[in-house]
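Colleague: FYI, numbering that gives the first Met the number 0 numbers position 474 of the sequence shown as 473, with every residue one higher than the one before it.
Since the hints were derived computationally from the structure, they do not count as laboratory data.
As the structure is a computational prediction, the values presented were derived from the model and not from experiment.
Don't be surprised by glycine CBs; every beta carbon is placed ideally from N, CA and C.
Please note that the accuracy of each hint is not assured.
Capping the alpha-carbon separation at 20 Å, the derived lysine to aspartate or glutamate pairs in DMTMM-like fashion look like this [as the list claims (entries may be wrong)]:
#1 Lys-522 <-> Glu-377
#2 Lys-508 <-> Glu-445
#3 Lys-508 <-> Asp-492
#4 Lys-800 <-> Glu-822
#5 Lys-491 <-> Asp-418
#6 Lys-225 <-> Glu-467
#7 Lys-296 <-> Glu-129
#8 Lys-508 <-> Glu-713
#9 Lys-488 <-> Asp-511
#10 Lys-491 <-> Glu-467
#11 Lys-463 <-> Glu-437
#12 Lys-463 <-> Glu-497
#13 Lys-463 <-> Asp-418
#14 Lys-508 <-> Asp-247
#15 Lys-964 <-> Glu-776
#16 Lys-585 <-> Glu-750
#17 Lys-522 <-> Glu-776
#18 Lys-197 <-> Asp-227
#19 Lys-303 <-> Asp-342
#20 Lys-508 <-> Glu-530
#21 Lys-585 <-> Asp-603
#22 Lys-967 <-> Glu-776
#23 Lys-197 <-> Glu-216
#24 Lys-696 <-> Glu-713
#25 Lys-915 <-> Asp-944
#26 Lys-244 <-> Glu-377
#27 Lys-800 <-> Glu-776
#28 Lys-509 <-> Glu-750
#29 Lys-964 <-> Asp-584
#30 Lys-509 <-> Asp-523
#31 Lys-683 <-> Glu-497
#32 Lys-327 <-> Glu-308
#33 Lys-522 <-> Glu-186
#34 Lys-800 <-> Glu-750
#35 Lys-244 <-> Glu-308
Using C-beta positions, here's what the derived DEER-type ranges look like [stated by the list, open to error]:
#36 Leu-870 <-> Glu-735: 34 to 40 Å
#37 Thr-472 <-> Ala-336: 27 to 33 Å
#38 Glu-467 <-> Gly-147: 49 to 55 Å
#39 Gln-965 <-> Gln-376: 35 to 41 Å
#40 Gln-222 <-> Asp-247: 38 to 44 Å
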Amino acid sequence: MHAMARNLLCWLALGLAPWAGAASAQEAGGPALVVRVQERSQPLAITRVEAQARIMGFLAETRLTITFHNPNPLVLAGDLDFPLPEGATVSGYALDVGGRLVDGVVVEKDQGRQVFEKEARQGVDPGLVEMVGGNNFRTRVFPIPPMGARTLMVRYLSRLTVEQGGASYHLPLRFPQPVEHFSLRVEVVKPLATPQVKSGSLANFNFARWRDSFVAETTLAGQALKHDLVIALPQVERPRAVVEKAPDGQHYFCLYDFPAAPALENPPPPPRRVAILWDASASRATAGLPRELGLLKAYLAQLKAPSLEVDLVLFRHQAEPARRYVLKDGDSAELMAALGAVDYDGGTQMGALPPEAQAGPPDLYLLFSDGLSTFGQEEPRAFAVPVQAFSSQATAHHALLRQVAQQSGGQYFNLATLDQETVLKALAAPPLTFLSLEAPDGAVSEVLPRAGQPVAGLFSLGGKLLAEEATVTLSYGRQGRVLGQAVFKLSKDQEASEGRLLALAWAQKKLDDLSLAGGRRQKDMTRLGQEFGLVTPGTSLLVLENLAQYVRHRVPPPQSLPEMRRQYFVEAGRLEALAQDKKRDKLDWILGLWQKRVQWWQKDFQYPPGFRYQPPKPQSPTAARDQAVGAQAPREALAPPPMAAPSPAPEMAVSRKMAKRAGGGGGGGEDEAAPAPQATISLKPWDPDTPYLAQLKKAAPDQRYQAYLSLRQEHGQAAGFYLDCADFFFQHKQEELGLRVLSNVAELRLEDPALLRTMAHRLAQAGHLEAARLAFEEVLRLRPEEPQSHRDLALVLAGLKQYKRAIELLYQVVTQEWDRFREIELIALTELNRLIPLARQAGVEGLGIDPRLVQLLDVDVRVVLTWDSDLADMDLWVSEPSGEKCFYQHQLTTIGGHISRDITEGYGPEEYMVKKAMPGVYLLQANYYGSRGPYLRGPVTLQVDVYTNYGRPQERRQSITLRLKQAKDVITVGEVRF
């Protein structure tokens, strides 16, 4: 704790560049808020310091309020930087606005940055505080008026320093220059003995009993302070329970214990069977494998087992069957040779662990992985026996690996920071861990940390006390075996003081727990941070100056401004009503579009027998297209494709997986009673004609995978390489290899929505709908502002017959405001109405869809084109049997063929439909019109879904993935024959 406070007081510096200015201030012994004056660093004088601390158990909350004076005739500004050590948490920040301190409000980090940038452009600093680079915090102080002052407040939560026989609280108080006003107040709640001032004694600063606490306070004027304050709390090294009533009325408790690790009277028997879980995914190819292999070999030798069974399980996108090795007298040569020959390939699915063990679980698991799950389920299931986890990579999910190990009774070792000898010693003696808390049902809740936490020295546990009183028992042990217990009595009436210290401590434990899930629990972390006023890696503290700013950015003012909060909610309610009006305006707009679409569907398009289309006199395609896209940048002229349909391409079979229906047929169409038109879909298998595929095709069947691995050395940075090779293996009925190769796409770059979309579409086409769902869930988390994220997930959910959520997601596309992709709502509505009959047949009720938008549009032919790139423009072309072409310049044909609005901003979808198909061949093509995106990487990957009898019980669907390399490329996708 004392290091954190010293950093705050000694490194509170505005304008830390150049560092020498701040350093000199530190050397002088006092805090300095350094500003730049005429290219020079100048510390501002400190005129007022107020320090307050409240200590309960082994926790302290400290509040420092410092006033800096600007002696210059200039308005000054700068950045305030201060670091926080491990274990300390910022729980409050305030900046003076209009002569009073205004508390910061916790907001999402992205929102805070956006608000700050908008207000700063208007010359106003809204007082943003955010985490920058680990545990460093930064804020700008502006303006510091000429010959004036600014005041800031920092509040933080920290742990006491535990020492032999007691604990101590440190507060640095070194002010070598006289401070006009200094005040200090320290309260120690329910100490076991009278606190003592060990150093930094101040005049009139002595502890006296006050209620159930001891309090010391003093006020000084015009004095310099030269020594840190250290307060000792004797007689604390024994079990203790503390209860506190928070301002919200809830009771929080904290248990403190010093469980002693019993000596190992007899060394534990060596395991008879060990399972090695070896991460063989592509990301591990660059790991510190020699270090891991050396440690494993040394550990197996250290066991000195005459006979040891070792099950080696390689896991990538899924776990492979175990391979059994029997080690005699620690000889692991055969096992090491097998590990040395591993091919690192595929994605990582931590959820594939632990693997199914037909012979029962082993005595011990050894897990070697980076812990970064890129495919499928992210978190492993519970392990029945201890897991010793190891990682040698700098880029690793250390928190997850530690959690897996600790919850099972094992340990986690970061081999990038630990030497082999240290690890081997730790492996020889199982750690003492917290195993469980036993309490009467309903007496306590949300107890943290979770079971499996290692115990060394002081152990603290927090939670909420629900009953009036309760007796709880903590159990400790090794490898799941209870070796010691401690009993605590909790009571609201007799034990509970009032305050928020334990609530903050519990909230910090909760944040630590949520952080183990990474970004997937970011919303929960944000809500918790906002509720308790804590800063998290995904949240910032924001100070605004006036009501208009809070209302404009939908940020409620702090609780310390009750009148402004009241006005805010009045104004926010008015604006919410306006937003509802805007939402109604959108609904009216959608209703108008939908009515036109229904009218198209109801119309009986007439044309003579043997009709052949005669195109009108050609016009510039650019003019027509630019008119369609409004004010977008003009496009290059592009000659339209010939209007007459070419000779039909010969039918080509598609793979069983690619032809598999996704989601079944629709129901309830108007032609349901009539026989469905006979139709066939023939998609042209994608053959990119790449050199690596040519070489792969030449390889003998038993050499194909090795040929792929060899080719990967040169081409493995491109997603297209894995897509093409996966298709090759799928086509040759090597399904497992195809899936492994495809899963590499997610390993290329973490949290890349475009790559995840591409992989998910191909997974769905290959019949792996659950894996596709998980990938699309991640895309939605990363890009909730894009309607395609909702639509893609909805369609896969429909394939899994999860109709309710699928319809909800599609309805969000229809009703939510989007800043681009105009009229994507109509495509979503068509798909939503296809699912409503299926949902009703499955017993789903309460869909909540506006009845005016409910109308199934069943059609003979439907084609949908989507792609993976933002700001790239793809076009769907359909040449009908009459020779008439339906595309962006010609959206409605004589026979009733209709194509959707041209989406030029990226992703798609674009949709073609004809309700009553003219007999003959429909040729399907895709055109790469161009790109306005500076970040477009390589070819664009397209997905084409082709339906016949869409929305009817006889519905059939085929899908294909293909690529276009550059603008003006045109590719024939396939054909539909009626």
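Colleague: Could you grab the alpha-carbon distance between Lys-491 and Asp-418 and see if it respects the 20 Å cut-off?
Modeller: Judged against 20 Å, a Cα distance of about 48 Å means the pair is violated.
Colleague: Does the Cβ-Cβ separation between Gln-965 and Gln-376 fall within 35 to 41 Å?
Modeller: holds, 38 Å
Colleague: Using the beta carbons of Gln-222 and Asp-247, state whether their distance is inside 38 to 44 Å or not.
Modeller: holds, 40 Å
Colleague: Could you grab the alpha-carbon distance between Lys-585 and Asp-603 and see if it respects the 20 Å cut-off?
Modeller: Not OK: Lys-585 and Asp-603 at ~30 Å, beyond 20 Å, violated.
Colleague: Is the straight-line distance between the alpha-carbon of Lys-964 and that of Glu-776 20 Å or less?
Modeller: violated, 28 Å
Colleague: Verify the proposed pairing of Lys-508 with Asp-492, using a straight-line Cα cut of 20 Å.
Modeller: Between Lys-508 and Asp-492 the Cα gap is close to 25 Å, so the pair fails against 20 Å, i.e. violated.
Colleague: Quickly compare the C-alpha distance for Lys-244 and Glu-308 to 20 Å and report which way the hint goes.
Modeller: violated, 55 Å
Colleague: When you check the alpha-carbon spacing of Lys-244 and Glu-377, does it fall within 20 Å?
Modeller: Distance of about 37 Å is beyond 20 Å: violated.
Colleague: Taking only the CA atoms, is the gap from Lys-800 to Glu-750 under or equal to 20 Å?
Modeller: violated, 27 Å
Colleague: For the pair supplied as a hint, Lys-463 and Glu-437, is the alpha-carbon distance within the 20 Å limit?
Modeller: holds, 14 Å
Colleague: Going straight from one Cα to the other, do Lys-508 and Glu-713 come out at no more than 20 Å?
Modeller: violated, 47 Å
Colleague: Tell me if the straight-line CA distance from Lys-915 to Asp-944 falls inside 20 Å.
Modeller: holds, 19 Å
Of the hints listed earlier, those the structure fails to meet are numbers 3, 4, 5, 6, 7, 8, 9, 13, 15, 16, 19, 21, 22, 26, 28, 29, 31, 33, 34, 35 and 37, in rising order.
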